[in-house]
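Colleague: Sequence:
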Amino acid sequence: LASTTFVAPNASVIGEVSIGQGSSVWYGATVRGDVNAITIGDNTNIQDQAVVHAAKIANDFPTIIGNNVTIGPKAIIHAAKISNQCIIGTGAQVLDGAVVGENSIITAGSIVTQGKSVPAGQVRHSIHCIDVVLTLEL
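Every letter in the sequence shown is one number past the one before it in the numbering used here, and letter 70, counting from 1, is 70.
Just to be clear, a hint being listed does not mean it is correct.
[Claimed, not checked] Distance condition first, Cα-Cα at most 20 Å in a straight line; then the derived DMTMM-like pairs of lysine to aspartate or glutamate:
hint: 1; residue 1: K74; residue 2: E137
hint: 2; residue 1: K81; residue 2: D96
hint: 3; residue 1: K74; residue 2: D96
hint: 4; residue 1: K56; residue 2: E16
hint: 5; residue 1: K116; residue 2: D96
hint: 6; residue 1: K81; residue 2: D34
hint: 7; residue 1: K56; residue 2: D34
hint: 8; residue 1: K116; residue 2: D60
[What the hints assert, rightly or not] Simulated restraints on C-beta separations:
hint: 9; residue 1: I14; residue 2: P119; range: 31 to 39 Å
hint: 10; residue 1: G115; residue 2: P9; range: 19 to 27 Å
hint: 11; residue 1: V35; residue 2: E137; range: 16 to 24 Å
hint: 12; residue 1: I14; residue 2: T135; range: 17 to 25 Å
hint: 13; residue 1: F6; residue 2: P119; range: 25 to 33 Å
hint: 14; residue 1: T135; residue 2: A8; range: 29 to 37 Å
hint: 15; residue 1: F6; residue 2: G115; range: 31 to 39 Å
hint: 16; residue 1: T4; residue 2: A37; range: 17 to 25 Å
hint: 17; residue 1: I57; residue 2: G109; range: 21 to 29 Å
hint: 18; residue 1: K116; residue 2: A37; range: 20 to 28 Å
hint: 19; residue 1: Y27; residue 2: A108; range: 14 to 22 Å
hint: 20; residue 1: N10; residue 2: E137; range: 35 to 43 Å
hint: 21; residue 1: E137; residue 2: D60; range: 29 to 37 Å
Please keep in mind that the hints were generated in silico from the structure rather than gathered at the bench. Note that CB positions come from ideal geometry on N, CA and C, so glycine has one too.
All chains, please: the whole structure from these sequences, using the hints.
Modeller: Now the structure itself:
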């Protein structure tokens with residue numbers, strides 16, 4: 001853990017986990033690097049009751065979360081890559097082998113299924129397993 005990392009008293013950071021400068025793990029959140037590595041960049045926040053985990057089955061799936069990322073309350077990141085400057089909304093799920101490109105938003109309650117890639121600059125919203133894709137122009 002970096003010297004400026006905040007981990008709430010009832011949050012759990014377990015196993016092979018690296019967390020960058022200015023990042024935070026909030027109340028009730030779990031970052032579980034027990035079966036594979038988890039890397040969290042600088043100025044990233046893992047909000048209340050979110051779960052970040054990795055996998056080591058069939059394929060080697062560490063979890064990588066970039067810089068300036070917000071992982072919303074009760075979100076689940078499992079063996080996925082979240083690029084820099086992304087927002088993962090409340091209760092969203094990003095699953096094994098998925099990649100979320102830079103400056104993307106996964107809206108609350110949405111699911112990015114196994115192996116899917118979300119291109120940079122997109123807003124992804126799932127409604128009953130149907131993806132609605134919007135492209136952000138910055």
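Colleague: Each hint: holds or not?
Modeller: Status of the hints after comparison with the structure:
1. At most 20 Å may separate the alpha-carbon atoms for a hinted pair to count; K74 and E137 exceed this at roughly 28 Å.
2. Distance hint between K81 and D96 is fulfilled; the C-alpha atoms sit about 9 Å from each other, no more than 20 Å.
3. Pair hint K74 plus D96 holds up; C-alpha atoms about 17 Å apart against a cutoff of 20 Å.
4. As the CA atoms of K56 and E16 are separated by approximately 13 Å, the hinted pair is consistent with the 20 Å bound.
5. For a cut-off of 20 Å, the pair hint linking K116 to D96 stands: about 9 Å separates their Cα positions.
6. Pair hint K81 plus D34 holds up; C-alpha atoms about 17 Å apart against a cutoff of 20 Å.
7. Taking the CA atoms of K56 and D34, the gap is near 10 Å; set against the 20 Å cutoff, the hint holds.
8. Our distance criterion of 20 Å between C-alpha atoms is met by K116 and D60, whose separation comes to about 16 Å.
9. In this structure the supplied range 31 to 39 Å holds for I14 paired with P119, their Cβ-Cβ distance being about 32 Å.
10. Separated by about 36 Å at the C-beta atoms, G115 and P9 break the suggested range of 19 to 27 Å.
11. Remark: the range hint 16 to 24 Å for V35 to E137 is contradicted by a beta-carbon distance near 39 Å.
12. A hinted range of 17 to 25 Å for the beta carbons of I14 and T135 is inconsistent with their spacing of about 37 Å.
13. A hinted range of 25 to 33 Å holds for the C-beta pair F6 and P119, which are about 32 Å apart.
14. Range check, T135 to A8: about 35 Å between beta-carbon atoms, so the 29 to 37 Å window is met.
15. Judged by the Cβ atoms, the range 31 to 39 Å given for F6 and G115 holds: they are separated by roughly 33 Å.
16. Distance hint for T4 and A37: a CB-CB separation of about 21 Å, consistent with the stated range 17 to 25 Å.
17. Checked against the hint of 21 to 29 Å, the pair I57 and G109 passes, with Cβ atoms roughly 26 Å apart.
18. Distance hint check for K116 and A37: the Cβ-Cβ separation is about 22 Å, which falls inside the suggested range of 20 to 28 Å.
19. Range check, Y27 to A108: about 19 Å between beta-carbon atoms, so the 14 to 22 Å window is met.
20. Separation of N10 from E137 is about 41 Å and conforms to the stated range, judged on CB atoms against 35 to 43 Å.
21. Here the CB-CB span from E137 to D60 is close to 35 Å, well matched to the stated 29 to 37 Å.
The earlier numbered hints that this structure contradicts are 1, 10, 11 and 12.
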